[in-house]
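Engineer: Chain by chain, the residues run as shown.
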Amino acid sequence: NAGVTQTPKFQVLKTGQSMTLQCAQDMNHEYMSWYRQDPGMGLRLIHYSVGAGITDQGEVPNGYNVSRSTTEDFPLRLLSAAPSQTSVYFCASSYSSPTGARGYTFGSGTRLTVV
Amino acid sequence: DAKTTQPPSMDCAEGRAANLPCNHSTISGNEYVYWYRQIHSQGPQYIIHGLKNNETNEMASLIITEDRKSSTLILPHATLRDTAVYYCIVRPGLSGNTPLVFGKGTRLSVIA
Chain A
1 NAGVTQTPKF
11 QVLKTGQSMT
21 LQCAQDMNHE
31 YMSWYRQDPG
41 MGLRLIHYSV
51 GAGITDQGEV
61 PNGYNVSRST
71 TEDFPLRLLS
81 AAPSQTSVYF
91 CASSYSSPTG
101 ARGYTFGSGT
111 RLTVV
Chain B
1 DAKTTQPPSM
11 DCAEGRAANL
21 PCNHSTISGN
31 EYVYWYRQIH
41 SQGPQYIIHG
51 LKNNETNEMA
61 SLIITEDRKS
71 STLILPHATL
81 RDTAVYYCIV
91 RPGLSGNTPL
101 VFGKGTRLSV
111 IA
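Protein chains in written order, with this note's numbering: chain A, 1 to 115; chain B, 1 to 112.
None of these hints come from the bench; they were simulated from the model. Just to be clear, a hint being listed does not mean it is correct.
[To be verified] Within a straight-line C-alpha distance of at most 16 Å, the following computed EDC-like cross-link-like pairs (lysine to aspartate or glutamate) qualify:
| # | chain 1 | residue 1 | chain 2 | residue 2 |
| --- | --- | --- | --- | --- |
| 1 | B | Lys-52 | B | Glu-66 |
| 2 | B | Lys-3 | B | Glu-31 |
| 3 | B | Lys-52 | B | Glu-31 |
| 4 | B | Lys-52 | B | Asp-67 |
| 5 | B | Lys-104 | A | Glu-30 |
| 6 | B | Lys-104 | A | Asp-38 |
Here the structure is a predicted model, which means the values were calculated and not measured.
So here's chain A without its partners, still in its complex pose (with noise of 0.2 Å):
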């Protein structure tokens, strides 16, 4: 049972590229969510998702889009990299129901610099 598993764990991008940032779970999750934690700042909801085929928008969803094809995976695409996108990117699943459950499980984060 590996969890939440984001890759990479370290990534830099330079200003203009795109690129997509893996999330995974096997704990059969119905919800899925992207944040992103800039230094000494707290967490921010980029993009969520309650189910295969439904996405939203958190807090901070611009340059940044989603889609959720299947239970297991949540990818993250970057556009067109900004400096401002430098940041720390935590995904994170949980059943739909908190009784009995465990909260959201996040994975350990993948931390992209953009030059």
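Following the hints, complete the assembly by docking chain B onto the known chain A.
Structural biologist: Here is chain B on its own, set in the frame of chain A:
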């Protein structure tokens, strides 16, 4: 619009109980209180959650006031490894698509 209010920082002596307060005066009847913590640069970790009854697990205890407008997370015997930022979050439980939204949390420093 923050739904919870937490002190920005607290200190606790190692081996003593750490009591972390949280105000959530606008909590709705269907909203649960969740606590997470984030140890330096790691992903947040679930600690405990509750609706109206006090809860205890292997990590902590959660005390919710009778009017549900505030709660306290208790780490009974704090260790240096409990140094982290602790987040109190309210969120609808059994229904709705509301995601987990983090505030600024409380930075707990456990001191030897």
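Engineer: Now tell me if each hint is right for this structure.
Structural biologist: Hints versus structure:
no., hint, result
1, B:Lys-52 <-> B:Glu-66, "holds, 7 Å"
2, B:Lys-3 <-> B:Glu-31, "holds, 11 Å"
3, B:Lys-52 <-> B:Glu-31, "holds, 10 Å"
4, B:Lys-52 <-> B:Asp-67, "holds, 9 Å"
5, B:Lys-104 <-> A:Glu-30, "violated, 26 Å"
6, B:Lys-104 <-> A:Asp-38, "holds, 12 Å"
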